[in-house]
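Top line first, the protein sequences correspond to chains A and B.
The working numbering puts the first residue of the first sequence at 1, with every later residue one more than the last.
The working numbering puts the first residue of the second sequence at 511, with every later residue one more than the last.
Please keep in mind that the hints were generated in silico from the structure rather than gathered at the bench.
We put the CB at the ideal spot given by N, CA and C, even for glycine.
One or more of the hints may lead you astray.
Unchecked claim - With a straight-line Cα cutoff of 27 Å, these simulated DSS-like cross-link-like pairs (lysine-lysine) come out: (1) A:K479 with A:K42; (2) B:K545 with A:K500; (3) A:K481 with B:K545; (4) A:K479 with B:K545; (5) A:K304 with A:K356.
Stated by the list, open to error - Partial chain A-side listing against chain B, Cβ under 7 Å, derived: (6) V5; (7) P206; (8) G207; (9) T210; (10) P235; (11) A497.
Said to hold, decoys possible - Chain B is nowhere near these chain A residues, computed Cβ spacing over 12 Å in every case: (12) V75; (13) L78; (14) G103; (15) Y157; (16) A237; (17) G245; (18) S291.
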Amino acid sequence: MVLSVLAVVIFGIIVVLIGVYGYKFSKKTVADYMLAGRDIGKVVLFFYISMVLYSAWTIYGYPGILYLHGPPYVVFALSAHAAFAFVYFGIGPRMWGVGKLYGYASPLEFLEHRYESPWVRILTAVVLLAFIVPYVGIQAVGAGAGFNSFLGLPYSYGAIYISLLMAAVVIMGGMRTVAWLNVFLGSIFFVAFVGSLLWVIKVALPGGLTEAAQIVLAKNPEALSAPGPSGIWTPKAIFGLVVAGLTTAAWPHVMVGTMTARNVQAMRTFAILFLTLAGIFFYSFPTIYGSLVGPALIHGLVGKQADAVLQIVVGKFLPMWFGTFVLMAVVAAAMSTAGTQLMVSGVFISRDVLSKFTRREVSDAQMINWTRLSLFLVIFASLVLAFLRPTELGLFLTNIASPGFTQWLPLLLGALFWKRGNKYGAIAGLISGVVMLVAAWIYKPVALGFPPVVMATAVNTFMYLVVSLATAPVSENTKAKFFDALDDYLDDLARQAREKDLSKATGHSV
Amino acid sequence: MREMTKHGPGRVFIAVLALTLLFILFVLPFIASNKHLFFGWIPTVWFVCIIFLFVWAVACGIYLYRYWPYRDI
């Protein structure tokens, strides 16, 4: 017990030292603090964005839902991998290009100029913040649950521990430090996850996963297929899971990641690695834990208890020192996701909301300080929410946070790919989508039997299209700036890169 | 994605992604109740998702490295 606590303390000190190093290294400019100087390469980008998806939810929420309701829930996670990859090869190059060409530090800044309206920017920021802050809160919930189930310490200790660490890292170091830290945290996370599963199987399931499947099926023949042990996965519900997974493309912290990439090649490599190494290979491990190993070895967990199924398996079958390592993986996963979300929240508050209400020019140093102050506020708010702990982790992500993020997707895609989209459509779509979402939570029949995100996104998209077509388009200058000029910029970069490669290959300048 | 729609390989790439996506959206929900376990332990619904990601990865590997106009940026 003492050694475990000591290990957790040492882990925390290492994290803080990385934050201090990041602070010393950073250039104290807005682009460096908020977007890591737009210089994140392939490997760091892979860890940085992977660890956005792999949060405390991957350890506590996801296996818990699989344990309770069966494997069809995997559809959400794996379609989310496809969506993340799509963001980086389908949307990413234009987001990256618009950021480089016009110097934007936030996608919302782009939306303001594209739609010729500061209100699109402010409204979108407010909506995204309303959903992102609770999501930061569930990372603290994950750490609290880990401290409680493994160390036997009060839940609040874990929540406060991770909040303090997050504050130290993001406030000092900014986005570059968060990205680097994610490499360190991701390494711990992957090793602990893969190692613990292989070890548990060796110790407790000598017949391997086939034996686990047989044990699970002997208890309940419906456990490994739809509609699952609890009977909730109807075709309509699975369709909803696919849609919910695909809508993770709208997660603001994932979208901001495209603006931090060094080049388009980094995003291309990320997309393929994320589909294969992360989606097909790595995500098998939490899936196996939740749908096979957990139900085979641990019986009778209900409701929120199931969130801790992985921790309970590890605590029961592996030595305590390895359990501590797994606990650090929980903290690593929680911190990496929360760090990225916090940075994005801080940028949205300072740059996209507060700066709109001041008439004077704001220097880089002032903007960074505003962002730091915003980060303090977000951390405090998320900690309060963590103490309230309103729902199971898995359900929070799929039912509340992700559907909420989705509501800016139509206006964002429209801004990038549809010249006819305008501010009236964007605002009408966003408001109607959020209203529909809230209405469907309060009164389920409104969603016509689909998950709330499906109807809300459909209404949002419909309103965006119809209102945009019924009202005046944006000016020709704006269209030229964000479509023709952007296309020319990217085409020029591609041509220059090809000429450079050709001159390298031939040894002559072209 | 605008650049993909402007040449043949890009349109084929988008078509492959779209078709697999339609399969996952509209066919998978009805075959998820299949009780067959691949290799004795992989449930059908999960196996189909893995194949889906694999097809996307292969399509991306071919298109983004050989035909994508932005492949050198």
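Quick rundown of the hints versus the structure:
no., hint, result
1, A:K479 with A:K42, "violated, 32 Å"
2, B:K545 with A:K500, "violated, 55 Å"
3, A:K481 with B:K545, "violated, 54 Å"
4, A:K479 with B:K545, "violated, 53 Å"
5, A:K304 with A:K356, "violated, 42 Å"
6, V5, "violated, 37 Å"
7, P206, "violated, 14 Å"
8, G207, "violated, 10 Å"
9, T210, "holds, 4 Å"
10, P235, "holds, 4 Å"
11, A497, "holds, 4 Å"
12, V75, "violated, 6 Å"
13, L78, "violated, 4 Å"
14, G103, "holds, 18 Å"
15, Y157, "holds, 36 Å"
16, A237, "violated, 8 Å"
17, G245, "violated, 9 Å"
18, S291, "violated, 7 Å"
Of the numbered hints stated above, those contradicted by the structure are hints 1, 2, 3, 4, 5, 6, 7, 8, 12, 13, 16, 17, 18, listed in ascending order.
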